[in-house]
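Sequence order for the protein chains is A and B. Last residue of the first sequence: 598 in the working numbering, with the numbers rising by one and none dropped. Last residue of the second sequence: 319 in the working numbering, with the numbers rising by one and none dropped.
Don't read these hints as lab results, they were simulated from the structure. Please note that the accuracy of each hint is not assured.
[Said to hold, decoys possible] Taking beta-carbon pairs under 8 angstroms as the criterion, some of the chain A residues facing chain B (in silico):
id: 1; residue: Ala331
id: 2; residue: Asn332
id: 3; residue: Ile389
id: 4; residue: Pro471
[Stated by the list, open to error] With a straight-line cut-off of 30 angstroms between C-alpha atoms, the simulated DSS-like cross-links for lysine-lysine are:
id: 5; chain 1: B; residue 1: Lys315; chain 2: B; residue 2: Lys54
id: 6; chain 1: B; residue 1: Lys82; chain 2: A; residue 2: Lys423
id: 7; chain 1: B; residue 1: Lys82; chain 2: A; residue 2: Lys417
id: 8; chain 1: B; residue 1: Lys315; chain 2: B; residue 2: Lys228
A virtual CB, placed ideally from N, CA and C, is assigned to each residue, including glycine.
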Amino acid sequence: MRITTTRSAQRRLGRMLIALLAVFALIAAACGSDDDGDGAAPATTAAADSGGDGDDMADDDDGMAGDDGDGMADDDDGHDQDDDDGDGMADDDMAAGPDACNGGANVGGTLIIGSTQVPRHLNGTVQSGYATAVPGTQLNASPLLYDDEYNPMPYLAESWDVADDGLSVTLHLVEDAVFHDGMPITSADVAFSIQTVQANHPFKPMYAPVTSVDTPDEHTAVINLSQPHPAILLAMSPGLLPIIPKHIFDDGQDMPTHPRNTENFVGSGPFRLAEYEPGTIIRMERFDDFFIEGTPCLDEIVMEITPDSTAIVLSLENGTTHLSSTLGPAANVLRLMDNPDVEVTSQGHEAIGQINWLEFNLADPALSDVRVRQAIGYAIDRQFLSEVIEQGLTFPVPTGIAAASPFHNADVNHYDKDIDRAKQLLAEAGYGEGELELTIDYIPPAFVVHAEYVVQALEEAGINVELSVSPDFPTWAQRVSGGDYQMTINQVWNWGDPVIGVHRTYLCDNRVGVIWTNNTGYCNPDVDALLAAAGQELDPVARAGLYAEFQEIVADEVPIFFLNTPSFWQAYNPSVMNPPTNNIWGQMSPMHQVWLDE
Amino acid sequence: MSDAMGRGEMAAADLPVAPGPVAGDEGGSGGPGQQNAGAVRPGRETLRLFMRNKAAVAGVVMLVGIIFMTVAGPRIYDNDPKDIVAIPLTGPGELEEARLGTDYLGRDVLAGVIGGGTTSLTVAAMAAAMVLVIGISIGALAGYYGGWLDSALMRFTEFFQVLPALLFAMVLVALFEPSMWTISFAIGVVAWPGIARITRAEFLRLRNLEFVRAARAVGATDWRIIRKVVFPNALPPLIVSATLIMGTAILFEAGLAFLGLGDPNTTSWGLMIGLNRGNFLTAWWSVTFPGLAIFFTVLSFSLIGDGLQDAYNPKLRGR
Chain A
1 MRITTTRSAQ RRLGRMLIAL LAVFALIAAA CGSDDDGDGA APATTAAADS GGDGDDMADD
61 DDGMAGDDGD GMADDDDGHD QDDDDGDGMA DDDMAAGPDA CNGGANVGGT LIIGSTQVPR
121 HLNGTVQSGY ATAVPGTQLN ASPLLYDDEY NPMPYLAESW DVADDGLSVT LHLVEDAVFH
181 DGMPITSADV AFSIQTVQAN HPFKPMYAPV TSVDTPDEHT AVINLSQPHP AILLAMSPGL
241 LPIIPKHIFD DGQDMPTHPR NTENFVGSGP FRLAEYEPGT IIRMERFDDF FIEGTPCLDE
301 IVMEITPDST AIVLSLENGT THLSSTLGPA ANVLRLMDNP DVEVTSQGHE AIGQINWLEF
361 NLADPALSDV RVRQAIGYAI DRQFLSEVIE QGLTFPVPTG IAAASPFHNA DVNHYDKDID
421 RAKQLLAEAG YGEGELELTI DYIPPAFVVH AEYVVQALEE AGINVELSVS PDFPTWAQRV
481 SGGDYQMTIN QVWNWGDPVI GVHRTYLCDN RVGVIWTNNT GYCNPDVDAL LAAAGQELDP
541 VARAGLYAEF QEIVADEVPI FFLNTPSFWQ AYNPSVMNPP TNNIWGQMSP MHQVWLDE
Chain B
1 MSDAMGRGEM AAADLPVAPG PVAGDEGGSG GPGQQNAGAV RPGRETLRLF MRNKAAVAGV
61 VMLVGIIFMT VAGPRIYDND PKDIVAIPLT GPGELEEARL GTDYLGRDVL AGVIGGGTTS
121 LTVAAMAAAM VLVIGISIGA LAGYYGGWLD SALMRFTEFF QVLPALLFAM VLVALFEPSM
181 WTISFAIGVV AWPGIARITR AEFLRLRNLE FVRAARAVGA TDWRIIRKVV FPNALPPLIV
241 SATLIMGTAI LFEAGLAFLG LGDPNTTSWG LMIGLNRGNF LTAWWSVTFP GLAIFFTVLS
301 FSLIGDGLQD AYNPKLRGR
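Next comes chain B alone, as it looks inside the complex (with noise of 0.2 angstroms):
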């Protein structure tokens, strides 16, 4: 058994009389009986391997970075990304009110991937709770109850599972009127499926092991259980698949803006190359920059994603 699970397993089977609730309880974890590490402790260790991996924390400085850019620049560099500031297809590096040149209409190129980065990452967070609330109800109520409900749930999972996700996403922002909020709904409704199977998988595995019987066994409530025993056990594969959820919305902001069912009102950097991609020829600065924006941010999320999950990997322990 990993560590990882084993917190939780070790206190309920110490502690059999004990009132249920403390079998996943933070204090649960560095209860008596800890058969390995002693007093390390396993978020401790998860952190040390982390650390350890040079291309995740290289994704942690890129996404710190990133974030800097987003939430302090706009202080920092205050051009506003619609305003016109300078004559249209300006390159970069040759006007000093546009650093990064500008666009077709003569729009602040740098000044647009700064002030795009608060939209894309709003709407990827936006859309990644979004997944987060839906996959995780629905697996975790199919993965506890089974039965009917699990296969009633999981067809409905699949019916979404089939959709072809980008298509079903612009059926729905065409549907309505392109907002940030419509935008992180769509990506939201289509992109929950792969959550919710994780999550369902989890809490299979996990409702008939010995302390979540032993919590059932002391009287706590479905629902205790759910969310203070299993729900905990259940977290390290979710909050890897949440990190790259992250750079999976911003993807498809991207891509639902760069085919046109972006807000226009709201600059974002897949608005941005759809838009100017008909100049792509003669202005390579318009789109490459936003561009470039979406593919360091997915990338950082890949990184911190991949090393989160051999972080919490059992098997890569104590090497």
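Just chain A, with the same shape it has in the complex (with noise of 0.2 angstroms):
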């Protein structure tokens, strides 16, 4: 008896022990992380986390166009916003001036950069996403950039022509550019990255028109094309097109595993690799020789990399970190906000185009019926989800083309809120009050506002829909690209060109058993006619044209109902000057004009 007594009060300390830690871990978590990554086991990636920050895209190589590339076949290419030649641009605002880096009075000075995203490595030609673009674009120099309306600026091309029938493009290499193992940048690198994109990057589409890269000279490079391609000066963008080093990489070793992706990184960017610990730490040095005379001004670039976006606000109030895209959810960017020693800005990153969405699997009977879809389209109130449950921080969006794009087209039906009209069209459909049941499904641990609202408005309609839960993000990725769910939240990118972010989508043989490809089963032949026209249409007038038609055929189909476009929200510190807004690319640009007032 004795002996049971001593035994169970051990029992019954230790349990109230483990249940006060428990406690004081939730509390604890409930202070701190609002995404508990690679914590304690990896189905911890389920945590809800009310309106990340797309995590889940950006560091996603499988993800975005992910191996869409199969689908989308050769039948597409980009547009060219600026249509001509885009000839002598050379040396406007990128080439460093006398202003570099104000006067030259202010070179010096480490930029901390906090970030969620775990790059898988540094090598932007066989890598997509954020995670790898942000350092990637630091490291490697690429041949075009683009300002702040999609217009391309001399980087290492210092010019370039686009044949007039769109089927070859010839870029002028800068004569003095070199790797950061002093070994000149020549056209057969530019050759050799194009060629590496073109075999492993996942958005297969950029390059798929590509025949062939003639090197006439050292400097000259001409991309030969099977089709009129718009989207391939855009493709040259900097997170994109990086150009590496072909006397490194051009060993035979498979590119998405090669050891130098990481170590001893040899670069054509205006920093080179100084640290790199993977998930923690990446430490980029001032390269003295590049190419931008005068730049770049910081001597440091620190990434520090974290999982926690609450630490990053925090570090950020504190002036420990300077500059974050990775802020976590609303709260903490209004937070920001308030706060005057911190700057924060929706401007930057335009190409991006994230676009919420409520999409329907066109394979479910009553989900088929385009009535019921559009009764949940007038069911919906984007304005109210965006302004009063987002607080301002989205914006409404009625197409699949994001408003920043030169393609968007607002003038299609935005299904303003209408309960009674929707509550017709069930009618019609042969649902009453409460006969129709459905599920919705969400990524795991950003989008469940999106699925609750809508639960709530559809309620309000009639329609019973229940949250249908995925534990991580792999099993809901399974499930929609398996056509296993009724409706979902999704989030896509448009990534600059509707060549490369936007047809995925929609095209009929695109359906492919892949997340983020055409997961509803939409299949409309005049839609395919139009996009292979668009995407081979050099004008860009008829090219938007074209795109405009496309977007009303889906407003009023509903194959997927768009709800808003969440901002890409940059904070930084005032003493970051020329910081990375004022581009279409935001941080996935090369930062060596940033420098630092302090």
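Join the two chains into one complex using the hints; note that each chain is given alone, in its own frame.
Shown next, in the form of structure tokens:
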């Protein structure tokens, strides 16, 4: 008896300790992270995280256009915002004039970037996503830069010509550019980089029409195309075509797993890799022989990686982090906006074009009826979702091409909230009050807010909706890509050109069972024809017309109900001058002109 | 020998020729030959000791309050915890329709705390019931029969005991759709080994005592002896553990929901904390109130368990 008593007393003590610990852990966790990431267990990624920042997308390589290449085949291509041959734009903005780094007065300093994004490696020719692109664009230069209005600007290419028939692009490279190991950057490296991207990058349509790259001399590269491909210039953006050294990488090894993607990294960009601890820190030092005179201004860029966006917010507030775009939920952004010591802006990153939408499985008997889908559209109040629930940090969007894109068509059916209309459409489709029951999935951590709102909104129209939760991202992706769902909240990125980020969702033959391809089962030959034509149209006005018509059809047939576009928020310390807010790629662009006023 | 145990033992010892069943029967407790306490019934004595423990009484009061809140609350305060009632993230006290403020979707936190209690307590009760059924069955069989059956069942128990409980529960919930049933099931499956081992220990201790042997001698079947003779005498430590299991189950449910493995269609305290924690810096109320609810519920179960433990402890008797 005595023994029993002691033992159960111990047990009781132990239990109480565990209980207390668990309570403390709960409280501590509540204070801290909004992203359990790699902590205790893989499944903790399912931790609810209201309104994240699209982390899922950003560092996911098989994500985004991922693997959709097969489906997209070669029938598409991109756009050319500034149509003409863009010739002779050499040396205006981007080349450092006498004004660079505050007239040379402010050279030096260390810029600290906070990020939750863990890159797989640093070689952007084979790895898509934000996590790789931010450090990758500091370490490697690309042929072109972009300003904040989709205009290409010279970078490694001091000028370029697009042939009149659109079937070739000639790049004229700067002559004195060298890699971090001192070897010159030549047209052979450009050709090698393009071929590497073509063979390995998940965004297959970017370079699918490229047939060959000629190198008539060391500083001239001619890209030959099988068809007009207006997206080709955007595809030479910093994040999409880093120029990598052929003499290092052309050794027959598998590119995605090449050791030099992280070790002894030799790049072409304004900063060279000094220290790399996966998932912890990326330290990049000024490259003194960078080809743009007088830059970079900074001595160092240090990326501090933490899974916890709350920690980033706090370190922005106390000034130990200079710059971040992974700020976590809306409340964090609003909190930073109230802080006079931190600048918050949605400028920059326009090309990403994130769109949150409600996607229907058209194979479902109820949802195959267009009237049901339209009724759902009339029941949802985008304005309320964006302005009240998301507190103005997102803005409503009625179509699948983001509002910042030159191809956005706002003049489509907006489905302004109209409950009577919704009920009438449901009645026509044969569903009375409360007779239609549906389920809604969502990308686990971040999108529960949108799903919960849709449940409430549809309840008002007499549709009963249950949340269907997936424990983690891969489970959700598998269910949605496998057609095992009725409705889901999704977020898909435009990636600058519709050819890269938009076509994949609608083409009949892109239903390939991979997430972020055609997951709805939508198929309209007219839409396919419009997209095919738009992908080859070199005249931007005509191209915009084709996309406008495409957007009208999609709005009427509602295979997807578009909700809103989250702004891509950046917060930075006021001492950061020339912050990456002045270009469509934001931090996925070199920061050689950023300087610190401290 | 303890009073709690003594009851059956005395009865059996005094009635060697009486029919076995009398041994542990309710009727037996008042039987002749009591050495101690004369007419004082052990149950009443336990209650007296329990009532003397102020912390335990506070636990009971707290628990009754919480149960009243979850049962009667929705009738008095009829906001649906899932409805959007006001501007999101409004602080407590600012609105008539949401006294404790609103969460990120504009739902009423007070309604959530009231409504979430039903889920948390139901899941805890179902899980505890499951733990008791599995744990007592396995522990009783192992302890009573011993031998190879004991070894086999205890190895089986250890298999469950060495798995990290929360991780195992997460795996189970992830395998099925998260719902109140699967969550209760998962908690039940991971939490029973403790009860099984306590039951086994009690049965091992009791099975060879005289009154049990007496019952066997008069021809009672094993099933009858387990049920009527041994089990009632093994109850006190089990009752204590069961109360603690309730607290553990609530924490488990909260932990699972917090990690995003709760049933998203049913408001629970853990789910509220999990969903709102991203807004903790700006909207403390959306996590603090459900957190306090969990805290007080678990605390009340712990206090009650503690009090029962002391009340059943013979060493404290007569003080």
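Against the structure, the hints:
1. Ala331: holds, 4 angstroms
2. Asn332: holds, 7 angstroms
3. Ile389: holds, 6 angstroms
4. Pro471: holds, 4 angstroms
5. B:Lys315 with B:Lys54: holds, 19 angstroms
6. B:Lys82 with A:Lys423: holds, 22 angstroms
7. B:Lys82 with A:Lys417: holds, 21 angstroms
8. B:Lys315 with B:Lys228: holds, 26 angstroms
In the structure shown, no violation is registered for any of the earlier numbered hints.
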